[in-house]
Every structure is written in structure tokens, then in C-alpha cells.
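Asker: Given two chains presented individually in distinct reference frames, assemble the corresponding complex, making use of the accompanying hints.
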Amino acid sequence: MSVTDAAPAPHVGRELRRKEDPPLITGRARYVDDISLQGQLWASFVRSSEAHAKILSIDTSEAAARPGVHAVFTGEDMADLGGPLPMAWVPPGVEVNNPEHWPIARGMVRHIGDPVAVVVGDDRYAVSDAAEEVIVEYDPLPAIIDPEAAIAGAPYVHEQFGTNQVHQWSLAGGDVEAGFAEADVIVERRVVNHRIAGAPIECRGVLADYRAGSLTLYTSTQVPHFVRLFMALLLGLGEDHVRVVAPEVGGGFGQKLQVYGEELFACWASRRLGRPVKWIETRSENMSVAHQGRDQIAQVKMGAKRDGTITAFHVKILADFGAYNMILTPLIPSLGAFVMGGCYKIPNVQTDITGVFTNKCPTDAIRGAGRPEATQMIEVTVDQLAHELGMDPLEIRRKNFIPKEDFPAAVATGVVYDSGDYHKTLDKLMEHVDVSAFRAEQEQLRSQGIYRGIGFCTWTEICGLAPSRITGPAGVGVQAGLWESAMIRVHNTGAVTVYTGTSPHGQGLETAMAQITADKLGVDPSVVEVIHGDTSMGPEGRNTYGSRSLATGGEAVAKATDKVAAKVKAIVAAELEAAPEDIEVANGKFSVRGSPDKGMALADVAGIAYIGAVPEGMEPGLEETTFYDPENFVFPFGAHACVVDVDPETGKVKVVRYVAVDDCGNPINPLLIDGQIHGGVVFGIGQALYERVYYEESGQLNTGSFVTYAIPTAAEMPSFETDRTVTPSPVNSLGAKGVGEAGTIAASAAVTNAVIDALRPLGVDYMNMPLSPMRIWEAIHQGQGASPEGGPQS
Amino acid sequence: MSSTVKVRLNVNGTEHELDVEPRLLLVHALRDSLGLTGTHVGCDTSNCGACTVHMDGMAVKSCTFLAAQADDAEITTIEGLGTEDNLHPMQEAFWNNHGLQCGYCTPGMIMSASALLARNPNPTEQEVRLGLEGNLCRCTGYHNIVKSVLDAASKSGAQA
Numbered sequence: 001m002s003v004t005d006a007a008p009a010p011h012v013g014r015e016l017r018r019k020e021d022p023p024l025i026t027g028r029a030r031y032v033d034d035i036s037l038q039g040q041l042w043a044s045f046v047r048s049s050e051a052h053a054k055i056l057s058i059d060t061s062e063a064a065a066r067p068g069v070h071a072v073f074t075g076e077d078m079a080d081l082g083g084p085l086p087m088a089w090v091p092p093g094v095e096v097n098n099p100e101h102w103p104i105a106r107g108m109v110r111h112i113g114d115p116v117a118v119v120v121g122d123d124r125y126a127v128s129d130a131a132e133e134v135i136v137e138y139d140p141l142p143a144i145i146d147p148e149a150a151i152a153g154a155p156y157v158h159e160q161f162g163t164n165q166v167h168q169w170s171l172a173g174g175d176v177e178a179g180f181a182e183a184d185v186i187v188e189r190r191v192v193n194h195r196i197a198g199a200p201i202e203c204r205g206v207l208a209d210y211r212a213g214s215l216t217l218y219t220s221t222q223v224p225h226f227v228r229l230f231m232a233l234l235l236g237l238g239e240d241h242v243r244v245v246a247p248e249v250g251g252g253f254g255q256k257l258q259v260y261g262e263e264l265f266a267c268w269a270s271r272r273l274g275r276p277v278k279w280i281e282t283r284s285e286n287m288s289v290a291h292q293g294r295d296q297i298a299q300v301k302m303g304a305k306r307d308g309t310i311t312a313f314h315v316k317i318l319a320d321f322g323a324y325n326m327i328l329t330p331l332i333p334s335l336g337a338f339v340m341g342g343c344y345k346i347p348n349v350q351t352d353i354t355g356v357f358t359n360k361c362p363t364d365a366i367r368g369a370g371r372p373e374a375t376q377m378i379e380v381t382v383d384q385l386a387h388e389l390g391m392d393p394l395e396i397r398r399k400n401f402i403p404k405e406d407f408p409a410a411v412a413t414g415v416v417y418d419s420g421d422y423h424k425t426l427d428k429l430m431e432h433v434d435v436s437a438f439r440a441e442q443e444q445l446r447s448q449g450i451y452r453g454i455g456f457c458t459w460t461e462i463c464g465l466a467p468s469r470i471t472g473p474a475g476v477g478v479q480a481g482l483w484e485s486a487m488i489r490v491h492n493t494g495a496v497t498v499y500t501g502t503s504p505h506g507q508g509l510e511t512a513m514a515q516i517t518a519d520k521l522g523v524d525p526s527v528v529e530v531i532h533g534d535t536s537m538g539p540e541g542r543n544t545y546g547s548r549s550l551a552t553g554g555e556a557v558a559k560a561t562d563k564v565a566a567k568v569k570a571i572v573a574a575e576l577e578a579a580p581e582d583i584e585v586a587n588g589k590f591s592v593r594g595s596p597d598k599g600m601a602l603a604d605v606a607g608i609a610y611i612g613a614v615p616e617g618m619e620p621g622l623e624e625t626t627f628y629d630p631e632n633f634v635f636p637f638g639a640h641a642c643v644v645d646v647d648p649e650t651g652k653v654k655v656v657r658y659v660a661v662d663d664c665g666n667p668i669n670p671l672l673i674d675g676q677i678h679g680g681v682v683f684g685i686g687q688a689l690y691e692r693v694y695y696e697e698s699g700q701l702n703t704g705s706f707v708t709y710a711i712p713t714a715a716e717m718p719s720f721e722t723d724r725t726v727t728p729s730p731v732n733s734l735g736a737k738g739v740g741e742a743g744t745i746a747a748s749a750a751v752t753n754a755v756i757d758a759l760r761p762l763g764v765d766y767m768n769m770p771l772s773p774m775r776i777w778e779a780i781h782q783g784q785g786a787s788p789e790g791g792p793q794s
Numbered sequence: 001m002s003s004t005v006k007v008r009l010n011v012n013g014t015e016h017e018l019d020v021e022p023r024l025l026l027v028h029a030l031r032d033s034l035g036l037t038g039t040h041v042g043c044d045t046s047n048c049g050a051c052t053v054h055m056d057g058m059a060v061k062s063c064t065f066l067a068a069q070a071d072d073a074e075i076t077t078i079e080g081l082g083t084e085d086n087l088h089p090m091q092e093a094f095w096n097n098h099g100l101q102c103g104y105c106t107p108g109m110i111m112s113a114s115a116l117l118a119r120n121p122n123p124t125e126q127e128v129r130l131g132l133e134g135n136l137c138r139c140t141g142y143h144n145i146v147k148s149v150l151d152a153a154s155k156s157g158a159q160a
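Those protein sequences? They're chains E and S, same order as listed.
For the first sequence, my numbering assigns the number 1 to the initial residue and increments by one for each residue that follows.
For the second sequence, my numbering assigns the number 1 to the initial residue and increments by one for each residue that follows.
Incorrect hints may appear among the rest.
Listed next, the in silico DSBU-like pairs over lysine-lysine satisfying Cα-Cα at most 35 Å (straight line) [unchecked claim]:
#1 Lys654(E) x Lys155(S)
#2 Lys345(E) x Lys305(E)
#3 Lys428(E) x Lys155(S)
#4 Lys428(E) x Lys301(E)
#5 Lys301(E) x Lys652(E)
#6 Lys424(E) x Lys305(E)
Reference excerpt, derived from the structure (chain S facing chain E, CB under 10 Å, subset only) [as the list claims (entries may be wrong)]:
#7 Asp32
#8 Leu36
#9 Thr39
#10 Cys43
#11 Ser46
#12 Leu81
#13 Glu84
#14 Glu92
#15 Tyr104
#16 Ile110
#17 Glu133
#18 Gly134
#19 His143
#20 Asn144
#21 Ile145
Just so you know, these hints were derived from the structure itself, not from any lab.
Glycine included, every Cβ here is placed at the ideal spot set by N, Cα and C.
Just chain S, with the same shape it has in the complex (with noise of 0.2 Å):
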């Protein structure tokens, strides 16, 4: 509408410069002047975490951030996790272990996952779900989501 602002993003590891409204928000940023709709809006709020996205390392919810914040930032988006034919070991475990339902809070869950595992490599269950608590999912109840953390937890310890 009004002024716009640059801001310089490496999303997935592309640099993308984009002229944006002030106000607009990282998620908007990604999914609509980006076409990255993987991640999600669920709340408004903060609350649900379905637009976790990864910024330098980072898991924040895009919803929370503007664009213009993330400015010479590096995200990573669920796209940028792995594909179908290269699956990232928490999509893998995901998978195996009946992790989602609808799916539309699973991006932000496994984007929360992979980065709670890259701070803390082995937790115990109660670490999963205490470090998931700003992911919100209506379907599972959350049994087989925590299962598939703790799996893709034991599995990369398998590896090291």
C-alpha cells in the first residue's frame, strides 16, 4: 500500500529480495510473496506454532516476526527440511510412527522437533514435551508425535 521497505532473505538457501509493506509478516513473506505454503497459520497468537520455521539456526514462529526482522536472515522451511525423495530423519520418523493426522500443524511440529534435538541431541520424554508445548495438535494427542521425536532421537544417536 503505502511505503515499502527491501529486506534480503536466504530462504532455503536462496537469496530472495523482496519489497515489502513495514507490517508484513515473515509468514505472509514466505507463503504468499514466496509461494512457500508449508508453513501454516493456525492462531494469530503465538499459541500454536503451525509457522515454525527455522531463522539462523533458530526455531521462531513466523507469525510472530515482520518481515523486515528477518532482514539478512537465513530460514529454513519445512521445503528446505527435505523432499520426498530425501527425507530429513524427523520427517522420516514422522512417518513411521503414525506422527500426524490432518497434517496442518505437522511442519511447525517437526520444524520445533529438529531443532529441539539439535540443542538437546538425546531428551528424555518429558524434555520432548515440555519443548513442544508451543505446538499445538488437535488430532493425535500428541502420543505418536513425542514417539517420533524420541525415534528420530535414538536413531541419529545411532548414527553417531
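Chain E on its own, in the form it takes in the complex (with noise of 0.2 Å):
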């Protein structure tokens, strides 16, 4: 049958379904957990129950002594690793205190669930009974879990640095020193942006098979590229001996943007056992060891001449990075930081950025990764700064604006926005919103007792992650070059296969990269397949995050298929005795222009290609590589509406309505671009509303399962109300930008300053997040007045 719908080019910009859905629908598809292979061993990880401990004894031998138990492994049995698990960002002139962090714990456990010892045995339920018998003996030392104790002081989660510190990093433009002498107001607010997690549905998983010299390893991530690079260093392989396979990969969100400890054992296991050994994380692992984002304490301060011109903004952030350095965790919160300024125009911006190690599990990039952050604190702020001038939050907004003559808009961070009309987004969202009819429905519902508000966010963001110049080493310190890769090659019959360096997992990019090459080689988006997430087909990659994969890799096959479709012209012109100027693609044939019944089909000319009858000077076959590397960031934005109901008896928040103006420049297929909205709007409401990864003082994690962990569900999301301005980037030819975070960036400042709305009556001027029942209810009853750092914390 045929995947899509066969209709007429041009394909980029419509609401094509997708093409991935078939496999995935029927039950077909295959995650890791769905791969099985002849003669596997499982594993099973036996965790600290401890948050921080020294090991004094590991006894395994009742445990390897149960029947179907081949080994029982412990930290120091992997001695041969080439070294320990990688941290890759070295900001230039930057000290970062970056300690040894081994697949297996080596005498101390840091967090709940550092794994002690790793049980590898014949299946999945016998390596489980077998982990509950090692026994572990622990000399528990006091753990340390808040972030502000942990930098002031002992105790330290790693004796050796003499302090919790991790590092400083600022990023300052202008002076704000002097943008704050300048104002009429000062605005100075705690911004607290909770612990939260990924939660994927699919955890993580990993199958490894070493034989004869080679690696396969099966895992469910998001960079098979960097997962093999890191393989091959620490077993001491060449890369070309290591292939990486994504399989489907039920979720990401970040989580699965990391080099895990268990993706390396699995791999030593197999060489160790001489069997393919497998690992399926549980639901309470992946809540309490996987890694883990935000955790940042903010102190902001915000000046304002009285019109509300915004003349300086100064974040002071302390992150909670946990217990180690994950891949990038110390580089998170200085992404927030390079649009700190959001979409306004203010000449002052400074970020300090302070990280810190506590007792708990590793954060890292979850989705938004430092911008969901830097917008609560950006957008928060704002309409409190209007509350106290007495401006309408709009009014400020449009009043700080970047007006869109100044694009590119070089801005106090440094970066240079690539485009932006905020007042047009913002415009759009006044066509659904009737502000007026609002406040007067406001008015009224109090009467009744019902507490409603809404809340605005206007946001900028910087993804598309790229270009290397200013993401790698000599730049930001990424130790990496943040290009992307895309490989076409048209077959002997016409059909076409795009091998992109990216890796996509739920976000559509088979369907949308097949409009991009459909249309330069005048073929049916069907009969175009997409390959990802195999290093050993395609050229080398760089993977999905950071909202890259359509600006950077979605342009890399963009590129490539213009290499080809410039091929195929020359073939095409020399058939017809024609210029391959006046060679051009229309209705499905390559045809001189003004001669469109003359043309041929890709398949005709792949033909020629192969056969070898190719203008002299030519090289047969039709088949091309491009490494993109693009010259900045691209920047998306827009204009989220959130309206919502309070119950002051019960605290509870309830979404009425969310309206969503998003600009990710040029739409290459709308009905993904709206179902990435959706979710990233609920991601962020989730954490507004309902999420909060909590430990105990002690250490001990409270959440660590979907019953204490509450993720959104149906019934309390309402439907969603989506628009667009396009606004085209100019960094790419598509004219495209990310939008797998832009929702998730929005929507937690919309949904505080719509709950800070509806409680202002009952004297709650500012609160933090999480929303929940309590805190607002707390909040309430402490009543009026309530201080400047905004009510309870806990």
C-alpha cells in the first residue's frame, strides 16, 4: 500500500501524515526491549538505597550462587574501562570540578540508586531474584540535598574539591551596574525552577552483542553517534568496529541525550561473557537514576524607567547538577543564559551562573534544557515589573519589544537573533484572546467565587544547536563540532533513500525529510525513505536535540538532494541537447523550461546513472554526501495565552483555555509542527502544575514511580488552541526553525502568571512553581503581603 497520500508537489509546507505510523500503529515497530537475540544474558543493576555512603563490603556470593546466574560484577571489575564516563563541555578559562564518575560506584555511592554491583544471568525475572541477595554493606554519611546548604558548605559530595561548587560562569552585556542607576523601578524576585523528569514512556534499554572483534550495541537514545564515539575511546575500539543502533525509541525528551553507565557495561559484559547481555531499565530506575533536569535557584532583579522601558536584568542562578557531571550538565542553565534578554530589547544583561554538586540523582538537558528556565525568569519578572509600574503585562511587552527593522538583532548576550516580528505574533494572539471580554468574565466569576486569571508568555528562544564555530571547543567549549550530515542516494529504479546524521524519536522528521527531497527530485514523498539511527548506514552524525534536527539536518538534505538534483540536470541536459540552467523539476519530470512534455523521470535518469551512460567527464551512480555547518543559531518565538481557574478552597489549578501564536519560520509540514506545540505545552504545564521530583532530607527519593510522580494525563489537559506567524529564518534555505522545545519553553511562564492573575484578589502577588493544591492553598492563607520571594518554598 502506499505510505502517503499521493498528491501534487509541491509537498514542503503541507499536512502530509506520516509516513513512520504504519509500523508503530499496528504493533509492529521494534524498541529495544522488542529485539531479541540467540544466547543473551540479562542485567540486573543492584542501586544504593543510600544517598551517600562509603561501600565497606560487597558480598555476592549468595547471589551468584542462584541458579541461572552466570556473574555478579562490582566497580572494580571494570578496571580495564579507558576511562571514566565523559563530561564534554571545557568552557575556555573556566574551572570546572568535574570528578571520576564510573559505570559501577568504586568505594562511595553518591545519590539513591548509584549502582553498587550488576547481576548478568539467563532471564529477566532470575537476575531480579538474584540482585535482592547481594548484599551491601554501607557506612552511611550525611547527605546533602538542598542546593543553597550545599554551597555554603560541608558536608561535600566529593571530599577531594573541598567544596560543592562545580563552577562559575557568566555571560555579561552592557553594564548593568549602570542600567539599574538609570531606573525608575527595581523589581527583585526569587525565581525557583523545580527538579523534573524526562519521563519517556519507553525507559531506557540496551542490548549489546561484541563477537569477533565487533560491537552492535541496541539502545534507546537520542545520539547513537556520540553513545559509539564513547564506546569505542572507553572499550578501547576503533569506531569502525562499534556500530550504534537507535531502534524506535519510545521518548526522549532529553533524558536519552546522554552517554549512560549501563550502555557502556553492557557492552564490557558482552566482550567479558562472550554473550549478548541485555538491560531493560524498570520505571523506578529511570525515575531515580536516569538523569534528571532544572533544579535551579534564581535571584533576579529587573530595573524599569517608568514607561517601562526595561533598562537593566541581572539572574544570579545557583544549579543543582546532582551528584556528577552528565555529558553536558554544567553547560544547561548557560543556554539559558544566551537569551536571557528574551524578546526585548534591553541594552543590560548579565547571567552568573553557580553549579553545585548535592546528593542526588545527575541533571542534564531536558527538554528546553536552561531556556524553560531563563523564559520563567525572563517572563515572571516582567509582569511583575508591570504590576508594579501599573502597566498592562501587554503593554510592557509590546513596549520592550526588539522592533522587527532591527533584524538580525544583535543583542546584549552576544548572539545575533536571526529574525523575529513579535508584535505580529503577538497580534495574532490578540485575534483569539479578547482581553477586555476577559477581564469583564474575571470581574464577574469572582462575584461567583471563582477565581480565574490569565497569564501571558512572549518568548524567544536559541536551538537549531550549531554551528560549530560558536558551540565548540573554541567557542562555547562543546567538545564537538555541532554540524549535521545528510547522505541521498536515488536507486537504480528512482526510489529514493536519505540517510540523515540526525536522530529522530517521535517528532515526524521521516515524513518531513522525505517533503524536502521529494520535491527537489520531482517524486512521490512515498516512494523516499528515511534512514536514522544506525551508525553503520550513513555518514557520520551529530544527532537529535537542541531543536536541530530540522534546521541543521533538515537542511543537510536539503543540500545533498541539491548536489543530486544538479547531477540529474546535467544528465537531463545532456539527453535533450539543453543548457542544465534550463533543466528544471515540475510535475514529476525534469524538463526544459517551456518544454514540460519533454521531460524525464528520476527513474529515467537514475537509469542512465547506473548503466554508466553519463556525459563524458561524469562519474556514473546518483548519490550524494553533504556535511551542513550552519552559520548560527535560529531563534523561533511567539505568544502563549493561559487561562485558568483557582479553587481557593482546595488550592487546585484547572486550564480552561490555552492559546498557542508560535513563528518557526517556514512551515515544511504544519500538522507535526502543532502536534510538537501540544506536547511541549503539556510538558511545561506538567511541570507548573503536577510534577516535582522530591527528596527527602535524608536523601531518600519520594518519587520514584508514576504513582508519586504525576504526569499530566487526558482528563485534566483541555484541548489546545494553535496559530502561526511565519517569519523565515534566513540562516537555511528552507527558511525553517526548531520547535520540539519552543511549547515547553512557553508554557510554564503563562501558566504562573495566569495562576499569580487569578490568586491577586486574595492577596498572592508572586509564587513560585510547582502549582500544586497545597502551595496555593498555603499561599492563600498566608494572605496579604506576601514577602518578595513569594510565599512557601517546600
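Answerer: Now the structure itself:
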């Protein structure tokens, strides 16, 4: 059957239903746990029950003696590794305390769930039973959970540093002190962005198969190319002997942008035991050891003139990194710093970041990675400032928007926003939201005891992660180039395979990329297959994260397809005795401009290319590769409005309405864009209202399952209203920007502002997330004159 | 390991007789013993619904049942609902309405949604939302899932 519906070109811009879906909706897709290899063994990790302790002894004898158990390994068994797990951020001129981090703990455990031993055996039930028989004797040490206490002093998570501080990093533009001196009003707040989990519905999983000197690793990852590099380096293998496959991946949300110890262990154990080794994570493991996100406390200070002109914004962030640095842990808050001015023309902006170790699960990139935090700081503070000035929250935003004629706009933080038209998105939002009607309704509902509020967020962000010259070692300090690759192969028959170096896992890139290629080659997207997530197929790639896969990977596909099209045109020109520049693609054929009936289809050209009947001097075949490194990031933007009802009796918040107007440049497939926005917004609402990773003071984790960690369900969510404006990016030929993180970046601030708006008549002028019933109830009952810090933090 | 019990399952119209550990979860019997890997495991605590199958016509979470409890039951998994060449209307609706992204929750979501329509062929949006409360999705924000279910309901209504 045809996977896509035949329709005339152009395919770019159309709401094409996804090529990805048939195997997914029929249960025929393959995720890691759906793959089994002959002779495979299972692994089960023994994990620390202590938040901070010295390991005195590990008795594996009982476990090893159980039926079906092949081996029990501890940290010391893995002494032959080429090094510890990687941390790939080396900011020039900044010292980062970076402790060794091993796949299995060596002598010390530093958070609940830290792996202590691994049982390997015949089946998943047997190893799980045996893991319970491993006896670990701990000498518990005091645990430190609160980042503000941790930065103040002992106990230390890593004794050797004599401090819990990881690093300090600043980004300043202009002169904030001079800006505050000019201000008539200064607002200071404490903005807490609590800890959350990525919580993909598929937990992590690995299946490693080392045989005859070569390693194949199936892993539920966003970054197979990075994983291959580090498996090769740490196991002493040539990269050419390591193949990493990301099969279907059941959600990532940044959690699977990582090089994990479980991946390395499975590879190591497969080599050691001569058998494939599989490990499938349990949900409680996922909630306690897969990296988490946010956990930043910011002291923010914003100054403005009486007319609302913002003169300075200074942010001091304390970022809780947990017990270890993962691959990009200390970089994450810095990603927010680059857009700390938001979509406003603020001449003086400074961000000072201090990272701190605690006895908690490490943090790293989770959907948005630094930009939801920055947006919360900016957008909630702008609302607070408006209230202080007695201005309308939309008026103060419009007053400070970077005007469209400023683009490309060099902003105080040193980056250049590629394109924007912030008034236009807000105007479009106002077509959907009648604010004066809302205010009248709000007033009327209050008289009935219903506390309704509206909150806005006008946001921008930095994404399409690349370009290497800015992000790389000489720039921001990521120890990798962040370009992207694509290879296009036209087969003998005219079918097309696209190999992308990105590794999508639900975003719909197979469809979007097929649309891009189909238009350029005059074929239907149904004959374009897109291959990703297998390092043995196609060129080296840089994977999927940071809303980059379309803006970098899609553009690489466009450029590689252009190369193919140029060769096709040269062949057609020779066949039709015309000049290559006169050949165009129309109605599924390459033809001479003005003579559409005398054309050649791609299949005809491919036949010539593979028979070798090409013009003299031309190579046969029809296949091209591109490595694309953009000149700049891309900066999507938008305007969101959220309406909530707060029940003052219970503190419960209901999202009544959510309107999102977004601008991600030229839309390739609007269906996919809306899908990304819906999911992103719910991710942000989830953080604002329901989700929170919670550790007790002792370091025990209280949110180890979906019973205690509440991700939103269909029952709590409304349907969403989405719309868009189109301001193409000048950075790439598609004019496209990223959209995977957009909704999340915008939503938590819109929800927070809405809840505060609802609560003002009850005496609450400021609150931090999570906006849980208990915290709201407490805030209401603390009532009048809530402190500048904004009510209860616990 | 130790003693096993005999279980007879009719899965997607085919009879199977299995020797299983008494503690074997139904989801593992389906996936590991019968190779029907379309039914997924997401949470281990019966919250996420990725493992939802039909047992004697009812939507159940197969991680919450022992295979032994399913003795003599008729089970339908996502593989038995429809195939790529002959999609069930609910599968078709999810495809048409972009009701899935990563696809991991999708089989359970489709099984729950089809059971929902079987008992309430013409639900309101709110009834769909409440009916799918036991199935978690982290990608879609549920908007297009709800749209898919309502679309499937309206199409089957149109046929009736």
C-alpha cells in the first residue's frame, strides 16, 4: 500500500500524515526490548539504598550461587575501562570540578540508585531475584540535598574538592549597574525552577552484542553517534568496529541525550562473557537514575523607567547538578543565558551561574534545557514589573519588543537573533483572545467565588544547536562540532533513500525530510525512505536534541538533494541537448523550461546514471553527501496565553484555555508543528502544576514511580488552540527553525502568570512553581503581603 | 525456575498452551513467550497503560495480570486489531489525526480507545478524556489522541 497519500507537489508546507506511523499503530515497530538475540543474557543492577555512603563490603556469593546466574560484577571488575564516563563541556577559561564517574560505583555511593553491582544471568526474572541477594554493607555519611546549603559548605559530595561548587560562569552584555542606576523601579524576585523528570514512556534499555572483535549496541538513545564514539574510546575499540543502533525510541525529552554507564556496562560485559547482554530499565530506576532536569534557583533583578522601558536584567542562578557531571550537565544553565534578554531590547543583561553538587540524581538536558528556566525568569519578572508600574502586562511587553526592523538583531548577550516579528505574533494572539472581554468575565466570576486568571508569555529561544564555530571548543566549549550530515541515494529504479545524521524519536522527521527531498527530485514522498539512528548506515552524524533536527539535519538533506538534483539536471541536459541551467523540475519530471512534455522522470535518469551512460567526465551513480554547518543558531518565538481557574477552597488549578501562537519560520509540515507544540505545552503545564522530583532531607527519593510522580493525563488537559505567523529564518534555505522545545519553553511561565493573576484578589502577588494545590492553599492563607520571595518554597 | 503451571490462552484467534512460572506477568507471556511485542511495558505500576490489551472484550492492563489468571481467556493485542493492509478504524484515525509521535504508548492507547468506543460509541470530548485517564502519553499532549478517538467515533457512527 502507499504509505503516504499521493498529492501534487509541492509537498513542503502540506499536512502530510506520517510515513512513520503504520508500524507504530499496528504493533510492528521494534523498540530495544522487542529485539532478542540468540544466547542473550540479562543484566540487573544492584543500586544504592543510601544517598551518601562509603561501601564497606559487597557480598555477591549468594547471588552468584543462584540458578541461572552467570556472573556478578562490581566496580573493581571494570578496572580495564579506558576512562570514566564522559563530560564534554570544557569552557575556555573556566575551571569545572569534574569528579570521576564510573558505570559501577568504586568505593562510594553519592545518590539513591547509584549502581553498586550488576548481576548477569539467563532471564529477566532470575537476575532480578539474584540482585536482591547481593549484600552491601554501607557506612552512611551525611547527605546534602538543598543546593543553597550545599554551596554554603560541608558535607561535601566529593570530599577531594573541599567544596560542593562545580563551577562559576558568567555572561554579561552592557553594564547592569549602570542600567539599574537609570531605572525608576527595580523588581527583585527569587525564581525557583524545581526539579523534574524527562519521564519518557519507554524507559531506557540496551542490548550489546560483542563478537569476533566487533560490537553492536542497540540502545534507546537520542545520540547513537556520540554513544559510538565513547563506547569505542572507553572500551579501546576502533570506531569502525562499533555499531550503535537506536531502533524505535519511545520518547527522549533530553533524558536520552546521554552516554550512560548502563550502555558501557552492557558492552563491556558482552565482551567479557562472550554473549549478548540485555538490560531493560524499570520505571523506578528511570525515576531515580536517568538524568533529571531544571533544579535552578535564581535571584533576579529587573530595572525599568517609569514608562516601562527595561534598562537592566541581572540574574544569579544556583544550579543543582546532583552528584556527578553527566555529558553536558554544567552547560545547561548557560544555554538560557544566551537568551536572557528574551524578546526585549534590554541593553544591559547579565547572568551569573554557580553550579553545585548535591546527593541527588545528576541533572542535564531535559526538554528546553536552560531556556524554559530563562523564560520563566524573564516572563514572570516582566509581569511582576508591569504590576509594580501599574502597566498592562501586554503593554510593557510591546513597549520593549525588539522591533522587526532590527533583525538580524545583535543583542546584549552577544548572539545575533536571526529573524523575528514579535508584535505580529502578539497581534495574532489577540485575534484569538479578547482581553477586555476576559477582564469583564473575570470580574463577574469572582463575584461568584470563581478565581479565574490569564497569563501571557511572549518568548524566544536559541536552538538548532550548531554552529560549530560558536558551540565548539574555541567558542562555548562543547567538545564536538555540531554540524549535521545527510546522504541521498537514488536507486536504479528511482526510489530514494535519505540517510540523516540526526536521530529522531517521534518528531516526524522521516516525513518532513521526505517532503523536502521529494520536491527537489520530482517524486512522491512515498518513494523516499529516510534512514536514521544506525551508525553503520550513512555518514557520521550529530544526533537529535536542542530542536536541531530540521534546522540543521533538514537543511543538510536539502543541500545533499540539491547536489543530486544538479547531477540529474546535467544528465537530462545532455539527453535533451539543452543547457543544465534550463532544466527544471515540474510535474514529476525534469524538463527544459518551456517544454514540459519533453521531460525525464527521476527513474529514467537513475537508469542512465547506473548504466553508466553519463556525459563524458561524469562519474556514474546517483548519490551525494553533505556536511552542513550553519552560520548561526535559529531563534523561534511566539506568544502564548493561558487561562486558569483556581479553587480557593482546595488550591486546585484547572487550565481552562490555552492559546499558542508560534513562529518557527517556514512550516515544512504544519501537522507535525502543531503536534510538537501540543506536547511541548503539556510538558510545561506538567512542570508548573503537577510534576516534581522530591527528595527528603535524608536523600531518599519520594517520587520513584508514576504513582508519586504525576505526569499530566488526558483528563486534566484541555484541547489547545494553535496558530502561527511565518517569519522565515535567513540562516538556512528552508527558512525553518526548530519547534521541539518551543511549547515547553513558553508554557510554564504562561501558567505561572495566569495563576498569579487569578490569586491577586486573594492577596497573593507572587508564587513559584510547582503550583500544587497545597502550595496555593498555603499561599492564599498566608494571604496579604506575600513576601518578595513569594510565599512558601517547600 | 521452580514449578510451572499450564495456561491456555486464545490470543488474536490462535490457541496457545504455555508452561509458565505462576508469577509470570501476562504482558511477559505475550511478549516473551508468544513474541507479540506490540504490547509495551512503561511503568510497572499499572499507571501508564502501555500494556493495555483486550481480555474477553474488556481493556485490561496486562502488566497487572498474571498469565495464570488469564487461563482460558480470549485476548486481543494490537497485532490482532488490524494490520497495515487492513487497519482497524481506530488505527486509521490515529494515523489520520497525528495521534501519535514516538508511538510507545500508542498500542495501549488504541486498545483502550477501541474498548471505550465499544461501550460508548458516541462519547463527548470529556468522556474520551476521562476514558483515557489510565493511559499516559508524554509526546502528544493528548490533543490529537482525543481528536483521533472522536474522529473514529464519528466515522463509525456515519457507517451505522
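Asker: Below or equal to 35 Å on CA atoms is what counts here, so check Lys424(E) against Lys305(E).
Answerer: holds, 25 Å
Asker: With a cut-off of 10 Å on the beta carbons, see whether Leu36(S) makes it to chain E.
Answerer: holds, 7 Å
Asker: Under 10 Å is the threshold here; is the Cβ of Glu133(S) close enough to any Cβ of chain E for the hint to stand?
Answerer: holds, 4 Å
Asker: Return the status of the interface hint for Ser46(S): holds when the least beta-carbon distance to chain E is below 10 Å, violated otherwise.
Answerer: With Cβ-Cβ at 9 Å, under 10 Å, it holds.
Asker: With 10 Å as the cut and Cβ atoms as the points, is Tyr104(S) at the interface with chain E?
Answerer: holds, 3 Å
Asker: Do the numbers back the hint for Asp32(S), that is, is its least Cβ distance to chain E under 10 Å?
Answerer: Holds: closest Cβ of chain E sits about 8 Å from Asp32(S), inside 10 Å.
Asker: Is the hint on Glu92(S) kept, meaning its closest Cβ partner in chain E is under 10 Å away?
Answerer: Holds, about 8 Å.
Asker: Quickly compare the C-alpha distance for Lys428(E) and Lys301(E) to 35 Å and report which way the hint goes.
Answerer: holds, 30 Å
Asker: Can Ile145(S) be said to touch chain E, with a Cβ gap under 10 Å?
Answerer: The hint holds - Ile145(S) has a Cβ within 10 Å of chain E, the shortest such distance being about 7 Å.
Asker: With chain E as the partner, please determine if Thr39(S) meets the hint condition of a C-beta pair closer than 10 Å.
Answerer: holds, 7 Å
Asker: Holds or violated: is the Cβ of Asn144(S) closer than 10 Å to a Cβ in chain E?
Answerer: holds, 6 Å
Asker: Under the criterion that the straight-line Cα-Cα distance not exceed 35 Å, is the pair Lys428(E), Lys155(S) satisfied?
Answerer: At roughly 33 Å apart (the allowed maximum being 35 Å), Lys155(S) and Lys428(E) satisfy the hint.
In summary, the structure agrees with every hint in the numbered list given earlier.
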